[in-house]
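Student: Sequence:
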Amino acid sequence: MLPGKDGDKYVPYEKRTGNESIVYFTRNLSAKGLEKIYKFISYNLTGKVAVKLHTGEPHGSNIIPRDWVKNLLANEIPNAKIVETNSYYEGARYTTEQHRETLKINGWDFANVDILDEHGTALLPVKGGNWFKEMSVGVNLLNYDSLLALTHFKGHVQGGFGGSNKNIGIGCADGRIGKAMIHTTPGQPDQWDIAKEEFMERISESTKATIDYFAGHVAYINVLRNMSVSCDCEGTAAAPVVTPNIGIIASLDILAVDQASIDLVYALPENYHADLVERIESRHGLRQLSYMKELGMGNDKYVLIDIDNNCERIYPSDAVKDVKPFNG
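Sequential numbering of the sequence shown, starting at 3, is according to this note's numbering.
Note that these hints are calculated values from the structure, not bench results. All of these numbers come straight from a predicted model, not from anything done at the bench. Beta carbons are placed, not taken as given, at the ideal position from N, Cα and C, and that holds for glycine. There may be inaccurate statements among the hints.
Using 27 Å as the maximum straight-line C-alpha spacing, the simulated BS3-like pairs for lysine-lysine come out as follows [unchecked claim]: (1) K34 with K17; (2) K198 with K17; (3) K17 with K303; (4) K17 with K323; (5) K34 with K135; (6) K41 with K17; (7) K129 with K198; (8) K106 with K17; (9) K34 with K129; (10) K303 with K41; (11) K11 with K50; (12) K11 with K198; (13) K303 with K11; (14) K50 with K17.
Here are the computed distance ranges between Cβ atoms for each label pair [to be verified]: (15) N247 with E99: 14 to 24 Å; (16) V141 with S284: 35 to 45 Å; (17) G298 with T238: 21 to 31 Å; (18) D320 with P188: 40 to 50 Å; (19) N114 with E37: 17 to 27 Å; (20) I179 with N132: 15 to 25 Å; (21) D69 with N311: 20 to 30 Å; (22) N273 with K17: 24 to 34 Å; (23) E99 with D310: 39 to 49 Å; (24) Y96 with G49: 27 to 37 Å; (25) E37 with N132: 36 to 46 Å.
Sequences and hints are given; from them, build the entire structure.
Tutor: This is the structure we're talking about:
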């Protein structure tokens, strides 16, 4: 697909080509639901596990609940550590000291979060990309054997949506070099001048560098809850949530898990999903999906497995048929 032609358009399932991956689904938005779905994709997470999580700006209300994550780490991944990187923009997570204070405010201090770029950066190769030959990440990322992307799926002011691809691609890039490579054309005064298709492609190439490094020891969970059109990096300034909660999905395929998240949102009645779909499409966010496919990062076809009902195959329309309007 060519940027600006079909790469940023929604492609119905029946028009997609290629193999199918497995994606698991539960409606159980709770600590128990997260723990249950994790078991289905945990088997390739060996050794020391990095859990890439967006821990949020101070007092952000839409992030994944802390008790869910605390329960998961204690009961299922005792050899894991939450990892983050410092922000590219000046604010409450710009320096490591500021970031640690924000972690304390938001209640993550129980986990001794590893700020990956606290002690410097490392370069990982990008294979087959159009924009990068290598990507700069927090050097501490190289201390881990496996990676779990535990992602709050939501909108994003520049990316249209933030799923596993954004969580890894921007979230593992270090706060000074890597994030600048993704966001800014060298020499430009506008820190955020890269947008639309090019931005989606740069995110995806950054993600590819990280998941290639872990060589199959990666798993992905997207939590479709409190889905504002704003990213968690906007904190208390985020737009109000109007999109209904849907559930949790998980896969060993990054493209499949983000594509399924998009499909679930698009399967909602139009009056339920209008704001989020407008945010995704106005930013050309769907290019994340088509470009990941071009890079060979996964499949956009998948089998959706309902773990609440005897692991039966369902379709996105089945998964959201009983979804109720968001009421806060």
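Student: Take the hints in turn and mark each one as holding or not.
Tutor: Against the structure, the hints come out as follows:
Between K34 and K17, the direct Cα distance comes to roughly 36 Å. Violation of the 27 Å bound is thereby established for this hinted pair. In summary, the hint linking K198 to K17 is supported, as the alpha carbons are separated by about 23 Å, within the 27 Å threshold. With a C-alpha separation of about 10 Å, the suggested pair K17 and K303 falls inside the 27 Å cut-off, and the hint holds. With a C-alpha separation of about 23 Å, the suggested pairing of K17 with K323 holds against the 27 Å cut-off.
Note on K34 and K135: the hinted pairing is violated, with a Cα-Cα distance of about 41 Å set against a maximum of 27 Å. At most 27 Å may separate the alpha-carbon atoms for a hinted pair to count; K41 and K17 exceed this at roughly 32 Å. For the hint linking K129 to K198, the alpha-carbon distance of about 22 Å falls within 27 Å, and the restraint holds. Pair hint K106 plus K17 does not hold up; C-alpha atoms about 47 Å apart against a cutoff of 27 Å.
Taken as a hint, the K34 and K129 pair is broken in the structure, with Cα atoms around 38 Å apart against an allowance of 27 Å. Restraint check for K303 and K41: the C-alpha separation of about 22 Å stays at or below 27 Å, so the hint holds. Distance restraint check for K11 and K50: the Cα-Cα separation of roughly 39 Å exceeds the 27 Å cut-off, and the hinted pair is therefore not satisfied. At most 27 Å may separate the alpha-carbon atoms for a hinted pair to count; K11 and K198 meet this at roughly 12 Å.
Taken as a hint, the K303 and K11 pair is honoured in the structure, with Cα atoms around 16 Å apart against an allowance of 27 Å. For the suggested pair K50 and K17, the alpha carbons sit about 40 Å apart, so the restraint of at most 27 Å is broken. About 35 Å separates the C-beta atoms of N247 and E99, a value inconsistent with the hinted range of 14 to 24 Å. Between V141 and S284, the C-beta spacing of about 36 Å keeps the proposed range 35 to 45 Å intact.
Remark: the range hint 21 to 31 Å for G298 to T238 is contradicted by a beta-carbon distance near 39 Å. The hint said 40 to 50 Å for the Cβ distance between D320 and P188, and at roughly 48 Å that hint holds. Evaluation of the 17 to 27 Å hint for N114 and E37 yields a pass: the beta carbon distance comes to about 21 Å. With their beta carbons about 19 Å apart, I179 and N132 fall inside the hinted range of 15 to 25 Å.
Taking 20 to 30 Å as the suggested C-beta distance range, the pair D69 and N311 conforms, at roughly 26 Å. Between N273 and K17 the C-beta distance comes to about 25 Å, which sits within the given range of 24 to 34 Å. Between E99 and D310 the beta carbon distance is about 44 Å. The supplied range of 39 to 49 Å therefore holds. Taken as a hint, the range 27 to 37 Å holds for the pair Y96 and G49, whose Cβ atoms sit roughly 31 Å apart.
The hinted range of 36 to 46 Å is satisfied by E37 and N132, whose Cβ atoms lie roughly 39 Å apart.
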